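Now for the letters of each chain:
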Amino acid sequence: MTLLGSSPPRPDGAAKVDGTLRYANDLPAQGIWHGATLRSPYPHARIRRLLWHPERAPAGAVCVTAGDLPGPNGVQLLDDEWPLLAANFVHHVGEPVAVVAASTRLAARQALKAIEVDYEPLEPTLDLSTAGRQEPLYSLELKSGEAEQELERAHLLVEGTYRTGHQEHIYIECQVMSAGWEADGTLVVEGSMQCPYFVHRSLVHALPLESDKVVVRATPVGGGFGGKEDFPSVIALHAALLARACGHPVRIAYDRHEDIVGTTKRHPSMVTHRVGVDAEGRLQAMEIDVVLDGGAYRTLSPVVLSRAVLHAAGPYRCPNVHIRGRVLRTNTPPNGAFRGFGAPQVQFAMERQMDRIGRRLGFDPLEIRLRNVLEEGDRLPTGQQMDESCSARLCLEKAVQETDFKERWQRLETQRIARGDGDSAHGIGLSLYFHGAGFTGNGERVLQSVIEGALLEDGRVEVRTAAVEMGQGCDTVFPLMAAEASGLLPADVVLAAPDTSRVPDSGPSVASRTSMVVGSEVAYVVREIRDRVLAWWSDHQKDGSGYTVEGGLVRGENGKGRPFREVSSRYFEAMEPLVISRQHEPPEWQVFDEETYQGVAYPTYAFGADVVEVEVDPDTLEVSPTKVTAVCEVGRVLHEKLCIGQVEGGTLQAVAWGLMEEVKLEAGRYLNDRLATYIIPTIRDSPEMEVHLLERPWKGGAFGAKGVGELPMDGGAPAAVSAVENATGIEVDAIPATPERLLALSSARRWVPSEPKDPQGDRGAKR
Amino acid sequence: MKAFAPRSLEETLLRLGEHPDLRPLAGCTDLMVSEPEDRLDLPGVLDLQRVSELRGFRWRGETLEIGAVTAFSEIRDSPDVRQSFPALAEAASKIGGWQIQNRASLGGNMANASPAGDSLPVLLVLDAQIVLVGPEGKRTVPYRDFHVGYRQTALGPGEIIGWVQLPRPPQGATQFFRKVGTREAQAISKVVVALLASVSDDLITEYRLAAGSVAEIPLRLTEVEEAMVGRAAKADVADLAGHLAAHAVRPIDDVRSTAEYRRFALAQVVRRMTLQLVS
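If you read the sequences in order, they're chains Y and S.
Using this note's numbering, the first residue of the first sequence is number 38, and each one after it goes up by one.
Using this note's numbering, the first residue of the second sequence is number 532, and each one after it goes up by one.
Calculated from the structure, these hints are not laboratory results.
All figures in this text were calculated on a predicted structure; none of them were measured in a lab.
One or more of the hints may lead you astray.
Residues from chain Y shown here face chain S by an in silico Cβ test under 8 Å; the list is partial [to be verified]: (1) R86; (2) L88; (3) H90; (4) P718; (5) P776.
Calculated Cβ distances over 10 Å to all of chain S for the following chain Y residues [said to hold, decoys possible]: (6) T223; (7) W626; (8) E777.
We put the CB at the ideal spot given by N, CA and C, even for glycine.
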């Protein structure tokens, strides 16, 4: 009987619920000093003078500035353009200018006052319209067919510009990192992170150190959503530098306010569509201009842009496509990785554009999508041909069938016009989306991920990966996948903690790749170890019998079973250590040309369709999402409950991004830099969720699983906004669709006349 | 830092006499979300929540007296409040979430003096009186004179809010409350509105309207009140009420909303309440 798709309890569940699990900031702090960060108050300024006055600081406090660095002043990600600490210039509010350490948190914060900085403010670039005049941080282009020519010839040209805002991750656990130097010069760093080897690489690069002199350990992570992909490297470097300066291990733990002020967010976007369709609503040509706000530094923006461009045309068929993408530099804090990684922004635009095309031609949201939906055999703008695991139509049809979408949408369109004073406005909206699974392009080939398995003395198999359990459930799913592949019990598999001195670099825990890529190799190494053990056992028994494992029992031909662990522990006693190392190779047909942007950008795609229902207050324009029906085709469901959890969580994050989450900036400063003012949904704001998981396995591995972490982030916002349009008639092309924005877009302003009437004049009207 | 948790009013007044600069605490739901550094600068704190004289409900003739440290969950659930002052019970149920309602108190909401305080417009339309108490003795002031400027109150040095007195509303009056917040729970108001009004013989005979988050202090909208009283109770007065309300306030753009939206939402809510009143 297969374990895959069932829902065994997660091994980390009880300790997370009862509070006994130790997160990074719960670890013993004895002897630890505490770090604090001095940040720029200006979006752009020259640092005229930077002075540290130790006599004004608590005794023993130390300070590190850009002038004290032992190596390159750059956080190594794709490149090292992002400074650890500002040198000479600051380029955004909140940019670290100096870090200090002292024996208590409070003393460290007080020590910040002993730093004197003299800034000469400079003119900042704060919005995308002016940023476009400067050299972009990164740009790229994707072309298929003859979009420009075909646009001229199209029956109808539909244009639209769509904007999305920042989004803050709000993982429950704020960023924490501790660093200490051992007597032999080894640096040990532990903290909350998604990618231990990213942190490792940045430490080796900037300090600089020999690779084997750096140990990075990921503690249990209280949520990441991409926010712990790039930024932990920055804090790790700060902590390591301070630890070296003060001679004590140093911990830097951001509180929520500092976490919002200091760390990366989702890239705001402005996407412009020029789309030509024929009279039947079929897409003929698309010109799409994608602009992302990168903030002050490049960080991971080039790969975010890459994913954005590759998803910009959505799961639709169109023979002529020209997509241009640019990341622009502004004097705002750098934006970085966030669940969806560029795809939610461009699919918001694409889905709104499909609704708009439908309205222009008189087709409802379902009809316009059905006429263009990507099918098996169709090609993406990259030339990649869809195989049998393409399920866009399947998702669309399931979603509308479950919700009676077509009929209800039409009915609500009619009701809107006839609605009485004071009646709530109801609306229903639809979105169709897809998400490329795993790293973009040749990313997986470049990564050369390695996964290790080793037989332990007690006969269990230890699996060594750098994958981090951050709530997504890899610690639950890996043993299930290994058991499925090998016949061992999930309990026969033990996962090594993600510690760079103990596990190989299996790549970062990002890009919906952990189950799909790392998990399949986990299954491989465990099966390989099983085979070695069985081969030895067969020889050892000298009975000529073939042996198999099922349900954790080793059986010969005579059918007598004994626990695998009993057999494997005897192997351990008798034989040399058994360690299997496996490097992940993407399918050989996954070839992508980074120059022309043609080829196979992702080995497979997961698809989804969302139907969001909303109720809009007739007086205040407050929008309540009442129900979401999410249909996600994920290849293969590995653990049903966790998979549904991913879809529910991602969908809520997406709906909230579409309706309420808004980072407000004034002169480059975040105005709502705390949870009282950065509004995320509570349970009372959360819609009822109905999730349907569909399976069209892909052939590349992981039992057909395609990756689910990011997919549900792509569809919630456009479907919610589409529902608002259905309810109110207000065409929303920028999110979040707050009541303030709806008011600005609507004609409801009749209640705010510019000239106050004279109340005395009205008195005359009295009876 | 000094911290006191007196068990009686007598002890409280003694402490305040000795240290008039102590910060009185009545739930801490505002204080504990301030900057940690700012809290360090406090000269000392005086926790009023264990002072039994300052907690609970008592009728004095036709006036309900509520102790200042009474928690919003107690107000929300009080049969007396629900029956005679339903708008206050409603406001209490909309403040923060359950956890906040269990800690936050009516007096705290007043003393914190945020223009967005959810219970404050209700107290204004209920014509509340408040009893202030300090080492110098007691004095009673109309609540509408309590807020004297942005985050400024009529409290003297060493003085605390002791009780809130709510006169029983006129026979047949209807109470309305509406909070327009940033989300369904754990939200601070963008606009908060309370109305107490009566209709008799098809005439509006009583119309008390107040709003929060629309000016530097919670406001009684007297221009609207004066224009409404004596009018025929017909649907068209609702439009006028909304219109006048929008012009009786001084909202601003801030991190939670815009001045434009606040005017709009206030006008719409006042219109809706008035429509319900006259229909």
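To see whether the hints hold, each was checked on the structure:
1. A distance limit of 8 Å between C-beta atoms decides the matter here; for R86(Y) the minimum to chain S is near 25 Å, and the interface restraint is violated.
2. The interface hint given for L88(Y) is violated, since its Cβ lies 22 Å from the closest Cβ of chain S, which is over the 8 Å cut-off.
3. With its C-beta approaching chain S no nearer than about 19 Å, H90(Y) sits outside the 8 Å limit, and its interface hint is violated.
4. The criterion of a C-beta within 8 Å of any C-beta in chain S is met by P718(Y), whose closest approach is roughly 7 Å, and the hint holds.
5. Because the closest C-beta pair between P776(Y) and chain S is about 6 Å apart, less than 8 Å, the hint holds.
6. At the 10 Å boundary, the C-beta of T223(Y) stays outside the reach of chain S, the nearest C-beta of that chain being 35 Å off.
7. For W626(Y), the requirement that its beta carbon stay farther than 10 Å from each beta carbon of chain S is met, with the minimum near 48 Å.
8. Non-interface status of E777(Y) relative to chain S is broken: a Cβ of that chain comes within 10 Å, the nearest being about 4 Å off.
Violated hints, in rising order: 1, 2, 3, 8; the structure is consistent with all others.
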